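Chemist: Could you put together the complete structure from these sequences and hints?
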Amino acid sequence: MAISSARESLSLALNNRFLPNLEYLLQGSILDTAVEHLMHRLKGLCDNVDTSPERFHDLEVCMSLRQPTSPQPLLLRVRRALGQDAPFQMRYLGQPEVDMRRPTLVRSCMDCACTNGILDFLTEMGFRLEFEYIAKGYMFRKGRMKITVSKLIKIVPGKQQDMANEPISQSYIVELSVVAPTGQENVGEEMRVFAEQLKPLVQLEKIDYKRLGNLP
Amino acid sequence: MGVTVLQPYPLPEGKSGAHIIDHLGKRLLSLGATHAGQFLVDCETFISTPQHGTPTRAVHVLHDSEFPASTFSIIDNGTGKQVALVADAIFDLLMLKMTSTFTSKKQTKIESRGARFEYGDFVIKLGSVTMMEHFKGILIEIEYRPCITLSYCWEMIREMLQGFLGINVAKEYPTYFTTQTIMNAMGQQQLHAKQNDLYEPMDTVKQYLEHFTNYRKHVQLHGGLGSSGLSVNGPVLMPSTVVGVGMGRS
Amino acid sequence: MDKLNLTLTAVKNLRSNVRQCFEHLADGTDGEGVEESRNKFVHDFQDRFGAINSQLREVEQLINGLQVPPTAYHLGNTTFLAQETSQDRQALYPQLVNSYKWIDKVHDHSFLAFNNLNQNTLRRSYNYCSQKRQRLPFSSFNNDPDHIDKLLSEINHPPHTSYNVFRPFGSNAVAIVTISNVLKAAIVFKGVLIEWVTIKGYDETLEHDDLWAESRYEVFRKVQEHAHSAMLHFFSPTLPDLAVKSYVTWLNSHIKLFLEPCKRCNKYIANGLPPTWRDLRTLEPFHEECRNS
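Protein chains in written order, with the numbering used here: chain L, 407 to 622; chain Y, 132 to 381; chain F, 56 to 348.
Warning: the hint list may mix true and false statements.
[To be verified] Derived DEER-like restraints, expressed as beta-carbon distance ranges:
| no. | chain 1 | residue 1 | chain 2 | residue 2 | range |
| --- | --- | --- | --- | --- | --- |
| 1 | F | 204 | L | 437 | 51 to 61 Å |
| 2 | L | 454 | F | 347 | 52 to 62 Å |
| 3 | Y | 180 | F | 322 | 47 to 57 Å |
| 4 | Y | 167 | F | 318 | 31 to 41 Å |
| 5 | Y | 293 | F | 154 | 51 to 61 Å |
| 6 | L | 456 | F | 347 | 57 to 67 Å |
| 7 | L | 573 | F | 74 | 52 to 62 Å |
| 8 | Y | 167 | F | 154 | 34 to 44 Å |
[To be verified] Listed next, the in silico EDC-like pairs over lysine to aspartate or glutamate satisfying Cα-Cα at most 16 Å (straight line):
| no. | chain 1 | residue 1 | chain 2 | residue 2 |
| --- | --- | --- | --- | --- |
| 9 | F | 322 | Y | 290 |
| 10 | Y | 240 | L | 414 |
| 11 | F | 311 | Y | 286 |
| 12 | Y | 228 | L | 517 |
Treat the hints as calculated values from the structure; they're not laboratory data. Computed from a prediction, not measured in an experiment: that's the story for all the values here. Using N, Cα and C, we set each Cβ at its ideal position, and we do this for glycine too.
Modeler: Put into structure tokens, the structure is as follows:
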């Protein structure tokens, strides 16, 4: 009985489509003053609200690597929980596809838990810091959908832990996402129905980044 | 997970690797060990495409069937600094995203695979090392799972090794543990004896990388990959230098 | 699907109308035999009856119009509702008999065990003092918590050993002893009497709510066995404090569990295990096989 290599089992997962590698995403925003109402609505709709909604407080660092063959740099996002000891999360996001026929934005996505040496590791590989911010807010779950309501906080360089860092705007960003293996088209529909139930508090849409110009 | 020590087994003249492995396996079984599956440790090295101003960097990506969900990677930035990373197995796919910057050196893909034995709390793996399907040598892995500090159980492991290998194992700690450098607070490299540290899976992987690098170098010294029944006289040399040296050549 | 929905709605309507009709009948007339109200009642009833009839026809029509679905409908969890419930098909009876037999057996065994344990003089806690002669009013199992805290803090432990005392079950203490990077032990006290010891590896979890799971390593399972026999050896009802102290000293000698060869055979390994036994007096290490030979 031969043992299969890690590469073999990985391609097996890809070919049999049980490796989640596509992210379906809808985004929207809500003013600070109205976020309470949204929270109540979500508490009513979601699964994980037996106690209180799950909070998170993460630092996200985006690193970029110039590639000789393409004009686009390779971007990797590394997330670290600030309040607790947890593995770092590294995430690769592909170019978003805004297909008129699909109800959500779709992009390829790879999530990878790492040890805390990851930033050092990427730096040695030649990655450079692109931007960083703190996301603080609440996470809800409904079936396989993930809903986050988060405040984005600007970072004064060198003071990641500081409370003095200021929010970017007077509103919360609301994201509805599912990471699923390829070939599960009904996910989008499921999400559209859910987004429908959050109207008119928040209008979740597929946001075309290309139209936003060169904003990061 | 406990302390693991790697021991290259010298191949006597005129004996094939398979023969020796078979022999050692039988010895373990008669000692009372039980056969417990197979194992595989593989290593692939990615080299950064040369850009002027930066030294060549090498990323070694290793897998160990004992930790099937993880990918271990070690980057060597060419100036002696190493950073180690343990990540989910999906890290392999991320490496493929960087193929224009880091290219895989397919011809140095190397692995050690073979049978896995359990004896009490010991796990013993008889690995035959192959590079590009060419047999390179025998690498014995011995793990004492209940103990996580080498200095506490080295004598036990040594007795065990000598017992079933029938060779003399030096009393000193294996070189991997005595020649590690760490970065001190001033940012300088400093010699650090690891035998009293808590053992981590990464240490096993680093030992494998050290030995794999030796096997690869051996090929370069002998100029080519052709010699399949390569025999090594006496114990395999274990240079005390850090791994990754000599990766830039070939 | 629409058709099915229509039909279901029609059936629902029919049911509610029938119900209303019966309710109407049950309410009866106003009681007074006024001709007018009686007529009105009959009239109402005829109206309702007519409505029921027409609805019944409608339902029949709709049902005739239904097609047999090409595939089974997906009904989610409700499909489980219609599962076979006939008793003969559930094969409950053999299981019932089986569990009945088991309960019977458990009852027998526990009865025997109870009798046996009652005769057993090795019981160390409750029954011990109720021997014929009442001893001094000490009790090794009823000490106040402060005493244990004091006792444990008095044990002069080597720098490599740490104690962590907590009380999950009211006043009785549990001490988690970590001996260097070698092992962890949970000592469960009852008063000052040691009731149970669990030995685990340094990298294993010894949770407060799971003190009874065995170590996954053979060597620590063996050490635990020895620790239990030592616990009985050191037990001393008259000097309970001393018993605990000497026991902990003995336990601390395991700091060199992997480091010392057996005193008799001078080997480290026998049967895949290091010398797991520590002599109770001299604390010298022996293999289990070597200690009596």
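Chemist: If a hint holds in the structure, say so; if it doesn't, say that too.
Modeler: Going through the hints against the structure:
no.: 1; hint: F:204 / L:437: 51 to 61 Å; verdict: holds (55 Å)
no.: 2; hint: L:454 / F:347: 52 to 62 Å; verdict: holds (59 Å)
no.: 3; hint: Y:180 / F:322: 47 to 57 Å; verdict: holds (55 Å)
no.: 4; hint: Y:167 / F:318: 31 to 41 Å; verdict: holds (32 Å)
no.: 5; hint: Y:293 / F:154: 51 to 61 Å; verdict: holds (56 Å)
no.: 6; hint: L:456 / F:347: 57 to 67 Å; verdict: holds (58 Å)
no.: 7; hint: L:573 / F:74: 52 to 62 Å; verdict: holds (59 Å)
no.: 8; hint: Y:167 / F:154: 34 to 44 Å; verdict: holds (37 Å)
no.: 9; hint: F:322 / Y:290; verdict: holds (8 Å)
no.: 10; hint: Y:240 / L:414; verdict: holds (15 Å)
no.: 11; hint: F:311 / Y:286; verdict: holds (12 Å)
no.: 12; hint: Y:228 / L:517; verdict: holds (14 Å)
Violated hints for the displayed structure: none, as all numbered hints are satisfied.
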